[in-house]
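Once you have looked at the hints, place chains B and C on chain A.
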Amino acid sequence: MPTYHTNKSYDSDLRLLSDHILLIASRVEKMVANSIKALSHNDQNLARETIAYDKIIDKDEMLIDRQCLELLAQRQPLGQDLRFVVSVLKMVTYFERIGDLAGKICQRVIKLKGQQKLAPLEGIENMASLVQEMIKEVIEAFLLQDNSRALAVIKQDDAIDEIYHQTTRLYIREMTDSGAETEAYYHLLSIAKWLERMGDHCTNLAELIIFMIKGEDVRHQQIHNPKRVEY
Amino acid sequence: MTAAQPKMSIKNLDIFYGLRKAVDDVSLDVLAGKVTAIIGPSGCGKSTFIRCLNRMHELTPHARVKGQVLLDGVNIYGAGIDPVTIRRRVGMVFQRPNPFPHMSIFQNILSGFALSGRKIPKNKEEIVEIALRGAALFDEVKDRLHAPSAALSGGQQQRLCIARALAMQPEVLLLDEPCSALDPISTARIEDLIGELRSNYAIVIVTHNMQQAARVSQITAYFLSGKLIEIDTTKRLFTTPKDQRTEDYITGKFG
Amino acid sequence: MKEEKWAALKERIFNIICFLATILPLCFLLWLLADTFVRGFARLNFNFLISLPSRFAYKAGILPGLVGTLLLMFVTIFVAIPLGICAALYLEEYAKDSWLKKFIELNVSNLAGVPSIIYGLLGLELFVRMLNLGPSLLAGGLTLSLLILPVVITSTRESLKNIPSHLREAGLALGASKLSVIRRIVLPLAMSQIITGAILSISRAMGESAPLIVLGAATYLAFVPVNIMGEFSALPLQIFHWVERPQAAFVDNAAAAIIVLLIILAIFNSIAAWLRQHHEKKRGGL
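Residue numbers (my numbering), protein chains in the order written: chain A, 1 to 231; chain B, 1 to 255; chain C, 1 to 286.
A few of these clues could be false.
According to the in silico footprint, chain A covers these stretches of chain B (three or more CB under 8 Å from chain A) [what the hints assert, rightly or not]:
{"hint": "1", "segment": "152–165"}
{"hint": "2", "segment": "206–215"}
Cross-link-like lysine to aspartate or glutamate pairs, in silico, DMTMM-like; alpha carbons within 20 Å at most [stated by the list, open to error]:
{"hint": "3", "chain 1": "A", "residue 1": "Lys55", "chain 2": "A", "residue 2": "Asp65"}
{"hint": "4", "chain 1": "A", "residue 1": "Lys8", "chain 2": "B", "residue 2": "Glu247"}
{"hint": "5", "chain 1": "A", "residue 1": "Lys214", "chain 2": "B", "residue 2": "Asp243"}
{"hint": "6", "chain 1": "A", "residue 1": "Lys30", "chain 2": "A", "residue 2": "Asp13"}
{"hint": "7", "chain 1": "B", "residue 1": "Lys253", "chain 2": "A", "residue 2": "Asp11"}
{"hint": "8", "chain 1": "B", "residue 1": "Lys11", "chain 2": "B", "residue 2": "Asp24"}
{"hint": "9", "chain 1": "B", "residue 1": "Lys242", "chain 2": "A", "residue 2": "Glu140"}
{"hint": "10", "chain 1": "B", "residue 1": "Lys235", "chain 2": "A", "residue 2": "Asp217"}
{"hint": "11", "chain 1": "A", "residue 1": "Lys214", "chain 2": "A", "residue 2": "Glu140"}
{"hint": "12", "chain 1": "A", "residue 1": "Lys90", "chain 2": "A", "residue 2": "Asp146"}
{"hint": "13", "chain 1": "B", "residue 1": "Lys142", "chain 2": "B", "residue 2": "Glu171"}
{"hint": "14", "chain 1": "B", "residue 1": "Lys242", "chain 2": "A", "residue 2": "Glu216"}
{"hint": "15", "chain 1": "C", "residue 1": "Lys178", "chain 2": "B", "residue 2": "Glu58"}
{"hint": "16", "chain 1": "A", "residue 1": "Lys111", "chain 2": "A", "residue 2": "Glu125"}
{"hint": "17", "chain 1": "B", "residue 1": "Lys235", "chain 2": "B", "residue 2": "Asp248"}
{"hint": "18", "chain 1": "C", "residue 1": "Lys96", "chain 2": "B", "residue 2": "Glu58"}
{"hint": "19", "chain 1": "A", "residue 1": "Lys193", "chain 2": "A", "residue 2": "Asp146"}
{"hint": "20", "chain 1": "B", "residue 1": "Lys253", "chain 2": "A", "residue 2": "Glu125"}
{"hint": "21", "chain 1": "A", "residue 1": "Lys214", "chain 2": "B", "residue 2": "Asp24"}
{"hint": "22", "chain 1": "A", "residue 1": "Lys214", "chain 2": "B", "residue 2": "Glu58"}
{"hint": "23", "chain 1": "A", "residue 1": "Lys155", "chain 2": "A", "residue 2": "Glu216"}
Hints were generated in silico from the structure; no laboratory data involved.
Quantities reported herein were computed from a predicted structural model and do not represent experimental measurements.
Just so you know, even glycine gets a beta-carbon here, dropped at the ideal spot from N, CA and C.
This is chain A alone, in the form it adopts within the complex (with noise of 0.2 Å):
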């Protein structure tokens, strides 16, 4: 984060932008954990208050995207602070699609009425632990400036992948072998699916923060395991 500008009215801006960011960050974190937790629970209040917070994200995404067009125009950035008010910019339509997806999910979870206690959840819950783990290792890597952890949150984006893979596969061989509950394996492969992606927004996330660090532009390529099981 840039720090101790001559200009500290600059400095106090840049911070509160950073601090709106990481506040974006925490709550849609608090969202992914609810959304699960109102799936394996089964609790429909939940997943309603779920989806009403997303109106709070929207108007985070929104106040954030504002700071960062009088930034760019009062303060004419440059070096590091160009990066960063660059990739603040880009960073929150992320974080908001991804509080998104989470509310979608509890759209899921109220359509489901409980039906999900016959599935397995294990994959979709395993899936649910590690987004949150890569939101948290984003905003540390973003408060301490920190490259490797970037590095790492990519990397565990394939974890992710591999088990969205097995647990897709899992849901069309019971989907195809017990015919009941069709609806609800439906409904628990978008469910998996948006976890999936999920992974590969905080996979952007981390990319732009790596941007931000070091100015270099690591997207669209293969940091990943080369070994990618296409479905």
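Coordinates of chains B and C only, in the frame set by chain A:
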């Protein structure tokens, strides 16, 4: 596009005022067709440096230079080189517009000839027009070429000084904070002009305004306490500088 | 409240004091001029200007003095002005800072304050005796030149200092040599101020009498001094001579001669003022 040989090549340049070293072991290349900006805090030696490129520095008492400044491969500080010939090939525009007040616009443009001991060529009207067009000033003054130069606005006067330098057909243009004394609109006009001029000249601009350096140059050099800290393409220097001191300067962390 | 009123009162009092300091000497001066005018006006006619001095006040004229003053002026112009300008150019444009330069500058400023009669003694020894010029117009002109030289140098230097250095820099950056810069930039811009200073110095010289007397100029000359190597007189000397005479009529003559001298000086100062104005326009108010 790579130039075959840099237009000017500065090698291990030390600049002294008496015993005080103002610039320490600076080496850099000035390329034709490009604008090279020199930025840095006050007292970092950037003005001292640029004044050595046309041997104006030695007019200060007790000024001394060590090292080489090559113009097309020839050291301008070599034995037997007349500074006057260098100053014809390397033109300079100063911070404060300084047209000669006792001369008209027309006479100002041609003043370089008489001053450097050359005869004014027969096609003087043509020369004046070409110089004024080159400085994006012709349309504004074509009806009053013989009016006194003091009647022009600050921005116009500065463009007149540029035209005056251009009339001598220099190969290199040195601009020492050319917009410092001007309002934003005049500044924008001159920045635009610099963009147009660079295809025909090698331009070096000293500026304390980082955003201006970012706008007008392709190559930027950062000076600090008489040393060259970093030189890179403008885009790279302002987005991902390599040296922490450059980063601190451009982000406004002045310690 | 009392403090404010007191402050305002102090302001007013000081204002009045300054005004009186200006107006009182002016009044004395005007009274002097009026007195001279009243005395001498009657005597002013064409004959007065073209007649030689005489024992008879009504016949006496100022021709020798007038011609002497004008010729002295020519000599002074041709000697003091070029020397003064060149010396000022050396000190201002060429000389490097050194003990020698400081020494010269110190002397120039001190010499400007030396009483004019000392210059008369100098001229007597150097020009009249050592160079064998005798008490001639030439010697007188040279002496007066020396007298005003420090002032010409100083005022020329001031004019040169007034030319901003960035104009010189602009010339040098275009490839000019130092001489070129002086010739084409500095001198054209400074010229009117230099000339103004020169004219004012010369008008001062024209009013000097003590050095010329010491030199051996005549206060009563019965012929017109057209020979530069011959004896001469000048208007101030003529005035001095007449004032010494007991007859009241000669005092009137003196008054008339003073008026003529004042008119000449006024013409000079007007030319200087006109030049200053004209050049201000030309330089665009530098």
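Here is what the structure says about each hint:
no.: 1; hint: 152–165; in the structure: violated (count 0)
no.: 2; hint: 206–215; in the structure: holds (count 3)
no.: 3; hint: Lys55/A / Asp65/A; in the structure: 16 Å, holds
no.: 4; hint: Lys8/A / Glu247/B; in the structure: 17 Å, holds
no.: 5; hint: Lys214/A / Asp243/B; in the structure: 12 Å, holds
no.: 6; hint: Lys30/A / Asp13/A; in the structure: 26 Å, violated
no.: 7; hint: Lys253/B / Asp11/A; in the structure: 10 Å, holds
no.: 8; hint: Lys11/B / Asp24/B; in the structure: 11 Å, holds
no.: 9; hint: Lys242/B / Glu140/A; in the structure: 25 Å, violated
no.: 10; hint: Lys235/B / Asp217/A; in the structure: 15 Å, holds
no.: 11; hint: Lys214/A / Glu140/A; in the structure: 16 Å, holds
no.: 12; hint: Lys90/A / Asp146/A; in the structure: 19 Å, holds
no.: 13; hint: Lys142/B / Glu171/B; in the structure: 26 Å, violated
no.: 14; hint: Lys242/B / Glu216/A; in the structure: 12 Å, holds
no.: 15; hint: Lys178/C / Glu58/B; in the structure: 13 Å, holds
no.: 16; hint: Lys111/A / Glu125/A; in the structure: 19 Å, holds
no.: 17; hint: Lys235/B / Asp248/B; in the structure: 17 Å, holds
no.: 18; hint: Lys96/C / Glu58/B; in the structure: 14 Å, holds
no.: 19; hint: Lys193/A / Asp146/A; in the structure: 29 Å, violated
no.: 20; hint: Lys253/B / Glu125/A; in the structure: 46 Å, violated
no.: 21; hint: Lys214/A / Asp24/B; in the structure: 30 Å, violated
no.: 22; hint: Lys214/A / Glu58/B; in the structure: 43 Å, violated
no.: 23; hint: Lys155/A / Glu216/A; in the structure: 17 Å, holds
Figure legend: structure checked against the earlier numbered hints; hints not met, in rising order: 1, 6, 9, 13, 19, 20, 21 and 22.
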